[in-house]
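Novice: Each chain, written out:
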Amino acid sequence: MAKEFDLNEVEVWDGNYAASQALRQAQVDVVAAYPITPSTPIVENYGGYEANGYVDGQFVMVESEHAAMSGCIGAAASGGRVATATSSQGFALMAEVLYQASGMRLPIVLTVVNRALASPLNVRGDHSDMYLGRDSGWINTDAFNSQEAYDLTLCAFKIGENLDVRLPVMVHQDGFTTSHKAQNVKPLKDAEAYKFVGDYKPVDDMLDFTRPVTHGAQTEEDWHFEHKARQHKALMDSTKVIDEVFAEFKTLTGREYKRVESYMMEDAEVAMVVLGSSVETAVLAAQELREKEGVKVGVIAPRVFRPFPFDLIREELDRESLKAVVCMDKSAPGGAMGALFNEISAASLTTKARPMITNYIYGLGGRDFSVEEAQRIMKEQKAHADAGHITTEIQQFSGVRGPKLGFFETRRGK
Amino acid sequence: MSDKGVLATDKRGIRELGAEKKVGWDEVPQGVVLNSFEEMLDPKHGAASLKPEERTYSDFNSFTATVASWRVIKPVYNRDICIDCQNCWVWCPDTSIISRDKQMIGIDYDHCKGCGVCVEVCPTNPKSLLMFGESMDGDEALAGWPEKKKKEKK
Numbered sequence: 000m001a002k003e004f005d006l007n008e009v010e011v012w013d014g015n016y017a018a019s020q021a022l023r024q025a026q027v028d029v030v031a032a033y034p035i036t037p038s039t040p041i042v043e044n045y046g047g048y049e050a051n052g053y054v055d056g057q058f059v060m061v062e063s064e065h066a067a068m069s070g071c072i073g074a075a076a077s078g079g080r081v082a083t084a085t086s087s088q089g090f091a092l093m094a095e096v097l098y099q100a101s102g103m104r105l106p107i108v109l110t111v112v113n114r115a116l117a118s119p120l121n122v123r124g125d126h127s128d129m130y131l132g133r134d135s136g137w138i139n140t141d142a143f144n145s146q147e148a149y150d151l152t153l154c155a156f157k158i159g160e161n162l163d164v165r166l167p168v169m170v171h172q173d174g175f176t177t178s179h180k181a182q183n184v185k186p187l188k189d190a191e192a193y194k195f196v197g198d199y200k201p202v203d204d205m206l207d208f209t210r211p212v213t214h215g216a217q218t219e220e221d222w223h224f225e226h227k228a229r230q231h232k233a234l235m236d237s238t239k240v241i242d243e244v245f246a247e248f249k250t251l252t253g254r255e256y257k258r259v260e261s262y263m264m265e266d267a268e269v270a271m272v273v274l275g276s277s278v279e280t281a282v283l284a285a286q287e288l289r290e291k292e293g294v295k296v297g298v299i300a301p302r303v304f305r306p307f308p309f310d311l312i313r314e315e316l317d318r319e320s321l322k323a324v325v326c327m328d329k330s331a332p333g334g335a336m337g338a339l340f341n342e343i344s345a346a347s348l349t350t351k352a353r354p355m356i357t358n359y360i361y362g363l364g365g366r367d368f369s370v371e372e373a374q375r376i377m378k379e380q381k382a383h384a385d386a387g388h389i390t391t392e393i394q395q396f397s398g399v400r401g402p403k404l405g406f407f408e409t410r411r412g413k
Numbered sequence: 000m001s002d003k004g005v006l007a008t009d010k011r012g013i014r015e016l017g018a019e020k021k022v023g024w025d026e027v028p029q030g031v032v033l034n035s036f037e038e039m040l041d042p043k044h045g046a047a048s049l050k051p052e053e054r055t056y057s058d059f060n061s062f063t064a065t066v067a068s069w070r071v072i073k074p075v076y077n078r079d080i081c082i083d084c085q086n087c088w089v090w091c092p093d094t095s096i097i098s099r100d101k102q103m104i105g106i107d108y109d110h111c112k113g114c115g116v117c118v119e120v121c122p123t124n125p126k127s128l129l130m131f132g133e134s135m136d137g138d139e140a141l142a143g144w145p146e147k148k149k150k151e152k153k
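These protein sequences, in sequence, are chains H and R.
Numbering-wise (numbering that gives the first Met the number 0), the first sequence opens with residue 0 and increments by one.
Numbering-wise (numbering that gives the first Met the number 0), the second sequence opens with residue 0 and increments by one.
Everything labelled a hint here was simulated from the structure, so no lab data went into it.
Each hint should be verified, as a subset may be incorrect.
[To be verified] To give an idea of the chain H side of the interface with chain R (calculated C-beta under 8 Å), a few residues: (1) N161; (2) Y199; (3) K200.
[What the hints assert, rightly or not] Listed next, the in silico DMTMM-like pairs over lysine to aspartate or glutamate satisfying Cα-Cα at most 25 Å (straight line): (4) H/K239 x R/E37; (5) R/K50 x H/D207; (6) R/K21 x H/D163; (7) H/K200 x R/D41; (8) R/K43 x H/D163; (9) H/K227 x R/D41; (10) H/K200 x R/E37.
Where is the CB? At the ideal position from N, CA and C, for every residue including glycine.
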């Protein structure tokens with residue numbers, strides 16, 4: 000029986016430690032992992048908990064991230080609660096197996112500490128790994144700070160393992176700006192946290208010898224489409240369970256999560272849509288801008304990136320006051336507009352308000368995103384709103400040295 | 000044939016691969032998880048306590064589908080020469096050699112792919128299993144079975 004971990008009401012934890020504590024409290028049966036910067040401390044700490052008798056499960060050291068997720072799949076199919084952690088290149092190596100986990104409907108929890116993808120090789124935070132996995136069929140949640148990394152990791156088990164969901168869940172946090180930044184975190188007591196997560200409920204487990212099952216079957220053109228359709232439906236329908244789990248978590252802790260977080264949007268004329276630790280920067284920038292210059296700025300932050308909260312984004316955008324929206328993408332777009340821009344724009348198209356939408360690529364490879372830069376961009380949106388049309392190129396770059404970089408001009412209003 | 004039920008396809012409700020009932024997305028099994036059997040098995044011994052002919056294979060068990068059409072050459076078995084050594088049973092990659100109580104009974108032509116391993120490992124002289132074209136009649140093959148090879152003098 001695992002020992003209880005002595006916890007203070009308020010701890011000083013970085014995002015990695017917070018995530019590892021949540022894994023410990025969920026009493027995961029198998030953690031198969033291959034450590035990589037900046038998520039290394041998650042599995043390092045977990046190994047420590049096991050060595051010191053704080054977990055009953057097993058930590059399995061494997062030879063690569065591909066093997067890590069494969070091990071997780073095997074353990075999950077066998078009928079256990081499973082989790083792991085990774086970043087960047089490791090996430091990329093896992094990519095093939097991520098699709099297997101979701102297609103096989105195995106509720107694995109993956110804590111992803113976001114880091115840029117090479118080349119050039121870089122250990123700092125951006126969202127290129129998050130974006131790489133966005134079509135992999137996993138539920139994607141995003142923590143903006145350490146407390147949220149802890150909270151959402153606990154919620155991830157409860158969401159993914161729900162019998163109406165049975166899908167794997169990622170909990171993203173920003174490399175270094177969240178993973179290595181010590182902050183005040185209010186943890187639950189071990190028993191409380193475990194009670195919230197609940198016992199694991201095996202489904203079609205391979206260790207049930209009375210009902211032998213085949214996992215990971217092959218299907219061709221006669222069956223594949225139906226299976227993918229059913230999987231997509233389950234992912235789309237998971238919003239209901241996500242909302243329920245967030246509501247239950249609020250009752251327990253007082254901390255409220257929504258699939259889309261919004262700040263000061265009630266009367267906003269311009270808005271910034273942003274993910275990760277930049278959300279706090281954007282909120283600070285918006286508050287200051289409102290106080291000092293009276294610009295009515297709001298911030299929209301998708302808490303759940305998949306299933307994409309099309310419904311709630313639409314609600315946020317469909318405001319008469321809202322004129323201009325900027326979508327901040329922290330990933331090299333690879334010859335397109337940023338993913339957030341594309342998805343927010345698609346949601347916006349079916350609203351009455353249909354605000355102008357522009358795109359910024361920012362923060363690549365851990366480039367700092369300051370309050371001042373956020374305010375400059377917000378004021379630019381205000382200029383669009385005042386002019387009645389987009390006054391800049393639609394896609395621009397924030398914080399990159401060299402001549403100004405931008406693509407495409409508006410064909411509306413000018 | 001007295002071995003019907005062990006070898007026979009009719010008892011399994013065998014069908015061509017892909018001939019299963021096509022249901023819509025709302026009816027496919029979650030996670031492509033396929034149950035092997037219709038009934039719950041004995042928890043202590045699992046499937047090992049039942050002979051294949053006693054099991055209730057599910058519709059999605061590969062045992063239920065025939066893949067005979069994949070084969071171009073087939074092994075024919077000669078009971079008169081066989082010594083029941085079980086070599087072919089051990090080596091067959093598709094569990095298509097049927098043996099009961101260490102007595103070779105025959106070949107499961109629904110699942111045999113015609114790889115010829117059974118012939119390779121057969122130690123008798125002449126061999127008790129030989130490969131023939133898929134359309135060859137079994138009795139005709141047995142009628143023309145080769146004689147015992149004599150050792151060549153050195």
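Novice: So, for every hint listed, does it hold in this structure?
Specialist: Verification of the supplied hints:
{"no.": "1", "hint": "N161", "verdict": "violated, 13 Å"}
{"no.": "2", "hint": "Y199", "verdict": "violated, 16 Å"}
{"no.": "3", "hint": "K200", "verdict": "violated, 14 Å"}
{"no.": "4", "hint": "H/K239 x R/E37", "verdict": "violated, 33 Å"}
{"no.": "5", "hint": "R/K50 x H/D207", "verdict": "holds, 20 Å"}
{"no.": "6", "hint": "R/K21 x H/D163", "verdict": "holds, 24 Å"}
{"no.": "7", "hint": "H/K200 x R/D41", "verdict": "holds, 22 Å"}
{"no.": "8", "hint": "R/K43 x H/D163", "verdict": "violated, 31 Å"}
{"no.": "9", "hint": "H/K227 x R/D41", "verdict": "violated, 34 Å"}
{"no.": "10", "hint": "H/K200 x R/E37", "verdict": "holds, 22 Å"}
The structure is inconsistent with the numbered hints 1, 2, 3, 4, 8 and 9, although it conforms to all the rest.
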